[in-house]
Structure formats: structure tokens, C-alpha cells
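J.: Listed below are the residues making up each chain.
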Amino acid sequence: MNNNTGNGLKPVQQDQNRPIDIVNKGLSRRYAAERRFRFYGLTAICASLLFLLLMFVSIIGNGYSAFQQTFIELDVFFDPEMLPESDLATADYPGLVKKTLREQFPDVSGRDNLRRLYALVSIGAGFDLQRRVMESPDLIGQKQSIWFPADDDVDMLVKGHYDRNLPESERRLNNEQLAWIDSLSQKGKLEKRFNTAFFTNGDSREPELAGIWGAVVGSIYTLAVTLILSFPIGVAAAVYLEEFALKNRWTDIIEVNINNLAAVPSIVFGLLGLAVFINFFGLPRSAPLVGGLVLTLMTLPTVIIASRASLLSVPPSIREAALGVGASKMQTVYHHVLPLALPGMLTGTIIGMARALGETAPLLMIGMVAFIVDIPGGVTDSSTVLPVQIFLWADSPERAFTERTSAAIIVLLAFLIIMNATAVMLRKKFERRW
Amino acid sequence: MSSSFLFITIILLCVVGYYLGRRRSYSVIGPAGKISQLHSRPTYYGMLTALGCGIPSLIFFSLWKIFEDNIITGIVLANLPENVRVLPKDQLSLIINDIKNLVSGNIVSGQVDPAMQTAAEQFRNLQSASAAALTVCCLAIFILALILILRKIAPKLRARNTVEAITKIALVVCSSIAIFTTLGIVLSVLFEAIRFFKAVSVTKFLFGLQWSPQIAIRADQVGSSGAFGAVPVFTGTLMISAIAMIVAVPIGLMSAIYLSEYASRKIRDVVKPLMEILAGIPTVVYGFFAALTVAPIIRDSGGNIGLEIASENALAAGLVMGIMIIPFVSSLSDDVINAVPQALRDGAYALGATHSETIKNVVIPAALPGIVGSILLAVSRAIGETMIVVMAAGLSANLTANPLQAVTTVTVQIVTLLIGDQEFDSPKTLAAFALGLVLFIATLCLNIIALHTVRKYREQYE
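Same order as they appear, the protein sequences are chains A and B.
The first sequence: position 320 = 320 (our numbering), numbered continuously.
The second sequence: position 450 = 1450 (our numbering), numbered continuously.
If you are wondering where the hints come from, they were derived from the structure by calculation, not from laboratory data.
There is no bait here: all hints are sound.
As a list, the in silico PhoX-like pairs of lysine-lysine whose alpha-carbon atoms are at most 25 Å apart:
(1) A:K429 x B:K1266
(2) B:K1065 x B:K1100
(3) B:K1156 x A:K329
(4) A:K247 x B:K1168
(5) B:K1272 x A:K428
(6) B:K1168 x A:K329
(7) A:K25 x B:K1360
Sample of chain B residues at the chain A side, in silico, Cβ under 10 Å:
(8) T1167
(9) F1191
(10) M1254
(11) Y1258
(12) L1278
(13) G1280
(14) P1282
(15) V1285
(16) A1291
(17) S1356
(18) E1357
(19) I1359
(20) G1384
(21) E1385
(22) T1386
(23) I1419
Please read all numbers here as calculations on a predicted model, not as lab measurements.
Even for Gly, the Cβ is constructed at its ideal location relative to N, Cα and C.
Modelling step: build the complete structure from the supplied sequences, incorporating the hints.
T.: Have a look at this one:
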């Protein structure tokens, strides 16, 4: 409504203090405020999405190169003199690698230079040779060209994470080493290949040998314990509270308790695990069993709350129909209500599991931070889990570990996204409007 | 028989018991009888049999397992030579450890004493004897119960009611685990904290200004005074949480308002899942992001304008923690804003208010208790957050108000005090539990207030 129509309706009154004029005077200011407010809202959303983008770009940008690893090809002569038939297991395999390197670069001499030359190839090369010889002893006396993982410094240089133009004293690789690497790559004896070790190895102090498999297996065991315990217990608790419990003091306390537990900091659960499971019950430290128990207590509230919501969404008419044909209360719940509520419960459980998979702090408390090379073989073996592995690697000073940390994060996020996507799909597929 | 194998055997036997019980119920009514002559359906007789046999033998099994180790150790100890038995308690436990290591075949350091060898031998014998006895007893109990129950099965037996009663007891037990968890947290943290407060007085802990929990091994060591004044730790926690809330509250609240009041359905469908991704990222990833990306950016930009900034500073940790909390604030406030009845908005529009005026003057005041509740929950989350601060905030307990310096938080101190080898009688380790107690009480109060306000608010509009 503008000024003209106002004038048209009441031409007599020319007073400037009519309400409509006051309103109109303020309109542009108010519309500007409206636009500003809207803009703030949009900015807030863009800011949070920008953070998300920045985080993903920084992690993927840092981590994608870890899926490749530089390898060096060496022509190894399995010298029968160095590999006595009597004790193949303890022969000097690192020495064999060194000898091969000396043969490859015959003009290198001097103790320091040789040491630098040996540093090009990972110390894992010796173990690799040992494994090959132990597998097929008839290699001895033959010559074979084998690709060995390069040392992490070489790897970083080849991937361009080290600046070649820095003064020699500030570089981790000196000029001769650069020359050797260049000559190797000219001869086609240096190549980037898919980094299988990253997915199949356990932890290691050497970045080029470190892998996430040990942590992944630890995570799987821990999550398995969590799932086996938290799903049945959570569902049972939800069924009792939603279907059987009378409204009284006790159930009120339980309810308030569950809501509060859902908001207790996770590290407090770690303290509980340390004091109760490890010190009181004497369960082994660093074991997936204890980790699973702690995470069970942590995820139970999530599972219970989701399961109750799911039970609540089943219409009462179903229960009444079952009771009407003579089913007992228990039969009603187990034959009719529970099957209908199960998809919602599963969704809640998967979301709880995804949270448990990413949880780190309580597991630090129960000693899952130990440096463990072996792949755990059961729920009582010492092990670590993926997020804790990330935490450990993030602390390591080597540049190559930064790259691997990011790569491990990519793997962890991939798992999480798969789990959450499954939950969303389940919800979409079984969603039912009554 | 190994114990896990025995356990599986009992479970399998329960399955057998189920079928036996069911068949028995068919046979008691005879081939000509009808199922309707039975009180319950045959499956209930089966379940009754399985539960009735399985539960007693499993209870026996777990009781045996709990006490087995202590009893065997006691017997072995009683047979040790006189000079070993009179040793003080800690040395004795070392010897027991050695014996157990011998038994499991691990290498024991030093020479193996023949007395130890015999003790280990005896230990091993007792273990195998115990395993055999356990197997026999469990199976005997199972078979006895099976015979008793099968004989009791009759058409009049109210099998369904019994099975349902047992199931209900199981349900009650499951639902009270939440209570036991809380109780466990309170007791475990409280007991260790009380032990700590025996060594360090409560007032010193709560109001002392110096925090350096490392205790000197030698008397003349520098910098290891073993001071447990937690004020610097508390202020550090508060500062980082405050920075996080300064980031998270405006952004989270504004995005919630935009999403629930302005955004079209399409935008909501895209943005909400993205926010959920932000909420689902593990905190260790945020911590890595803070330490690797954000902290260097802050340090370098501070260096450019001539500021001296510690590489582990409160600002980086607080900023990233704020980012982590944005989706938390936004989804909680979103729920709260959506719960405001449409009639209130319509009333405001009818009076000629613009959209933003309606939001500012009607919707937000109406939703305020709920919003405050969700902010309180976010604060409790920020206080209890661990990984970001462990990775980005540093360890030094500075009593400072400068966000560009390194500060430490309650959670960081708990983690650093408890990682690695610990002895459970030094105040250093116990201090972690005292801090845990403070943390638990603080977050619990915040949660109770927050949940209460949100609940009250919801009831108001329902």
C-alpha cells in the first residue's frame, strides 16, 4: 500500500503523523534489515559448508599421494655364499641388499657415501628377501630383478613434497643421493606403484612399511564386541521401557539416566573402563574386548533412544489387534511390534556403531595406544583401532607419516560414510507411514 | 575341555534341550491328543527346557571362572617354600606373575628357580584338573536339570507364563544397565578421587594456581614440584570452550534459523545431510585438521603482523572445536524452532511484521528456553571434548587470558596423566580421576539443567 492510495481514501487529513506514513517511512529500513538477516543466515550456512570443504580438501590433498609408493628395482643375485643352506632364516639379508646396491653403483666409495646409498632403500627390503628365499629356496644362485619399496625420504622427494632447490644442509637428502635417484629414474628403475603395503601391513616405525591393516582388524574386533552387546541389550531395554514398564519412580530414574548418559563426555567412559574393567576385573589392557565393552556402554544410550522412538512409531492398533485375538503381552511385542520396529532400531544401531568407530578418547584410557606391529588374532590380543592409529601417526614427526595419517583418515571417513549411507537407505526403504 | 569350547557346548546343548522339551510336550498328550490340550504351545515347553537347563549350568560356569584363579593361586602359594611365603605382598605378586608366565610358556627373565618350576608344574596340573572338574560339573548340572524338567512337563504345566516371566526379568536387567553404568562411573571416579584427596587437599586442588603433576624422582630435580592446583587447567578449558561457543553459537543458530524459516525444501534436502556429515566426522580428524592446517595458518598470519604466537595455541583448538559444534547447535535449535506453533508466526505476520521481525521478536523469544538448553548441551560437549584439544592445545598449564598462548584443558590432562605405564598409588595418576570427577559433575549439571529446560519447553507447546 503506497502513499497515493492512502491520500485517495482520506484526502482531508494531511497530517504527517498518520500511522501509515510512519510505517511507510520505516519500510525501506525494515526491508534492508530483512535482507541483511537473510544474508546472515545464508553466510552462516556457507561458512559451515566452507569449513567442511576446506577440511576435505586439506585432508584429501595431503593424503591421496599415500596410496602410491615409490619402488626401486634392484637386480639381486642370490649369492650362495651369503645364504648358507644351514640357516636360511638368520642369513644376512640386509647385507645382500647392500651388496646389490654396491653393484648397482660401483663408483660409490667411502663409509659415509655408502651409508647414504644404503639409505635409499627401505630396511624392509631385507625382510622381503628373507620371505622370498624362505618361500622358494631354489632362488639361491639365481639372479632376479625385484622391486623394493624406497625409503620414505626418497618417496617424499619423488612425490614432490621435498623442495630440491633448498640448500643442501637443509635437505634430508644430499646432492649425491639426488643424483643417484635421478639416475635410477632415468634407467626406469624407480617407479611409483600402488601402495599395497599400506592396506596389508601393521604399524611400523618406518613410514614406507607402516600400514593400517592391524588397526582395521582391531577396529573390526572392537566393533563386533560392541555390536554383539549393545544391539540386544539396547533393544531389550527399549522394549521394556516402552512396552512393559509402568510409569513410576524407578522407570523415571532410568529414563533421566539414559538421557544424561548420552551426553556424558566419552573420556569419562574411558575412566570407567580403566577403573572397572581393567583394574577391578583384571581384563587385559589394550584388548578389543575391553574397548568393545567401553564403547558398548557409550553407545547403549544412542541405541536405546533410537529403538524407543522406533517402537513408539508403531501404531497402538497393531497391539490392540494382537491382544484382541488372544496373544499375551509378550507375544504381541515379539510377534508383531518388534518386527515392525526393527528397521528403525537397526538404523539407530548403525548410527551408534558409526560413532563408536570414530571414537578415540575412551580407548586411549584403556591402553589401546600401544605401538603394535602384529595383526591382532582375537578379542583379547593387544591391538589398536583406526582412529587411535591416526592419533599416533599424527604425532610422528616424519613428513611421510603426515601423508599416511591423511590417507588413514580418508579410509576411516569412507567407512563412516558407507555406514551412514546404509542407515539412510534402510530408513528410506523401510520407512512406513501409518 | 577349554572353557570357550565348554561354553559353546552348553549353548548347543540348550538347542538340543529345546527340541527334547518340544518333543516331550507332544508325547505327553499322546499320538491321538490335540495340541489344544496343552496349556502352552509346544515351542514354549521347548524354550522352558532350554532355559531351565542352560541358565543354572551357565551360572555355575561363570561362578567357577570367577573364583578359579584365586583358589588355584592360593593353593600354589600355600605350597611354596617357607622363605618365599613370608615375602612382602608386592614381591609375592611378582613371583605369582612369574609362575603364571612360566605356565603360559612366556619367557621369564633371569634364572628359573626349581621351586618355581615345581610351583608352575603344580599350577598347570591344578588348572587342567579344574577344567576337567568344571566340564563334569556343568554337564552334570545340565543333564540333571534336563531330566527334572522333562519329567515335569505335563499338559497342565504353565510353560508360557514361566518363559515370559524369565524374559521379563532379562528385559529389566538390560534396562537397568544404564543405571549400573552411571553408578559405575560415579563409584570408580569417586573412589580414586577420594584417594587423591587424601594426598592433596580439596581446596588446594580446586583453588591452587600451579599445575605441574610430574613428581620428582630425585629430590634435587628441577621443575617437578608435583603441584596440583587445577585453576590453570579450568581456565584453559573455559577459554577454549568460550572460543568454540563464540564460533558455534552464531553460525549454528543462524543456519538453523535460515534452514527452518527461509530455505526451500530443495536447499534443506542438500544442506541437512552435509551438516550431518560435519557432525559425523570423528573428533580425531578435527584434531588433525586443527594441528596440521589451522594452527600453522594462525601462526603464520600472526607472524606477518608481528605477533608472537605459540604453534599450539588456544585459538586454533577453540576455532576447530567451534566448527565441530556448529551442526550440534544447529540441529538442536532447528528442532526447537520447528516446535514453535505456526499460529504465533501467523499472528505476527497479520500485524504486518516482516519475516525477520517475526523471527527476532516472536519465534526466538518463544523458542528461547529450548535454544538456551541446546546451547548448554553444546557447552557440555565442548568441555568434554578431548581429541581436538589433545592434538592442538598443548600441555603447558598457563594461567593466561591470551588465546594465542598454549593452554591446557581438563581432558588433555586426564589423557596425558593416564597414557602409558601407571602406578595406581601415585597422586599423579589419581589426579586424573579427580579431574574426571570435576568434569563429570560439571557436564552432568549442565546436562540436567539443559535437558530439563528443553523438556519443559516442549511440554509448553504440546
